[in-house]
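Colleague: Spelled out from the first residue to the last, the chains are:
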Amino acid sequence: DGGITQSPKYLFRKEGQNVTLSCEQNLNHDAMYWYRQDPGQGLRLIYYSQIVNDFQKGDIAEGYSVSREKKESFPLTVTSAQKNPTAFYLCASKGLALKGSYNEQFFGPGTRLTVL
Amino acid sequence: AQSVTQLDSHVSVSEGTPVLLRCNYSSSYSPSLFWYVQHPNKGLQLLLKYTSAATLVKGINGFEAEFKKSETSFHLTKPSAHMSDAAEYFCVVSDYNQGGKLIFGQGTELSVKP
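So the protein sequences, as listed, match chains S and Y. Adding 14 to a residue's 1-based position in the first sequence gives its number in our numbering. Adding 10 to a residue's 1-based position in the second sequence gives its number in our numbering.
If you're looking for bench data, these hints aren't it; they were derived computationally from the structure. Remember, predicted model here, so these are calculated numbers, not experimental data. C-beta atoms are modelled at their ideal positions from N, C-alpha and C, and glycine is treated no differently. Wrong hints could be hidden among the right ones.
[To be verified] Covered, in the sense of this in silico footprint (three residues per stretch, anywhere, with C-beta under 8 Å from a C-beta of chain S), are these stretches of chain Y:
1) 55-62
2) 86-97
3) 112-124
[Claimed, not checked] Derived DSSO-like pairs: lysine-lysine, alpha-carbon spacing no greater than 30 Å straight-line:
4) Lys23(S) <-> Lys79(Y)
5) Lys85(S) <-> Lys123(Y)
6) Lys85(S) <-> Lys23(S)
7) Lys79(Y) <-> Lys85(S)
8) Lys28(S) <-> Lys52(Y)
9) Lys79(Y) <-> Lys59(Y)
10) Lys59(Y) <-> Lys78(Y)
11) Lys59(Y) <-> Lys71(S)
12) Lys23(S) <-> Lys97(S)
13) Lys52(Y) <-> Lys84(S)
14) Lys97(S) <-> Lys71(S)
15) Lys79(Y) <-> Lys123(Y)
16) Lys71(S) <-> Lys123(Y)
17) Lys97(S) <-> Lys79(Y)
18) Lys68(Y) <-> Lys78(Y)
19) Lys52(Y) <-> Lys68(Y)
20) Lys23(S) <-> Lys84(S)
21) Lys23(S) <-> Lys52(Y)
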């Protein structure tokens, strides 16, 4: 089955620790995205990558880091610099669109991070 | 700048009655608009998308939305609600800058009463 997997589903972290969230896709998509969701709010973009070995900051990148060494993988590290990391984190991917069209983003099941 | 506003944070309907979830958008060019659904503690699933073809867009599970440029609206409707429709719904516009990032509305929680 093609899709996006995220692991772990639940993650607990002590203050001051870095943690890495996994995102893998087998859809052969070029672009990948990380979003953060807080209760009662829509999603906000953290980082995105349109090709391997390249990524850009989104709207709320402070305290986060990413890498894109392989097309199918886009891990997100939540560092100790992130002031309020408790949230639901969603990874998405999108294929290249034909001219004049737009491909939707496909989402993984999410990782819920709780800082203790 | 692109933005979307969902006019209701919570909508409650009875099973078998129509559903209307309202969304207004702001865009400096012809937008690509989406409705996504999220069930509790799950990822998002695409219901439907508008990308400048037909203004009435049909999606999955009996949902549809109509793009009205004069009203800058993209409301989501369904003729008859089912219990399984209870979820959070997001109206979304794409931004051609920033790698085609999605800009989300605040979400509308749909409750369906038996």
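Colleague: Look at each hint and say if it fits the structure.
Modeller: We went through each hint and held it up to the structure:
no.	hint	verdict
1	55-62	holds (count 4)
2	86-97	violated (count 0)
3	112-124	holds (count 5)
4	Lys23(S) <-> Lys79(Y)	violated (40 Å)
5	Lys85(S) <-> Lys123(Y)	violated (44 Å)
6	Lys85(S) <-> Lys23(S)	holds (22 Å)
7	Lys79(Y) <-> Lys85(S)	violated (38 Å)
8	Lys28(S) <-> Lys52(Y)	holds (24 Å)
9	Lys79(Y) <-> Lys59(Y)	holds (15 Å)
10	Lys59(Y) <-> Lys78(Y)	holds (14 Å)
11	Lys59(Y) <-> Lys71(S)	holds (26 Å)
12	Lys23(S) <-> Lys97(S)	holds (22 Å)
13	Lys52(Y) <-> Lys84(S)	holds (25 Å)
14	Lys97(S) <-> Lys71(S)	holds (17 Å)
15	Lys79(Y) <-> Lys123(Y)	violated (33 Å)
16	Lys71(S) <-> Lys123(Y)	violated (42 Å)
17	Lys97(S) <-> Lys79(Y)	violated (41 Å)
18	Lys68(Y) <-> Lys78(Y)	holds (15 Å)
19	Lys52(Y) <-> Lys68(Y)	holds (23 Å)
20	Lys23(S) <-> Lys84(S)	holds (22 Å)
21	Lys23(S) <-> Lys52(Y)	holds (10 Å)
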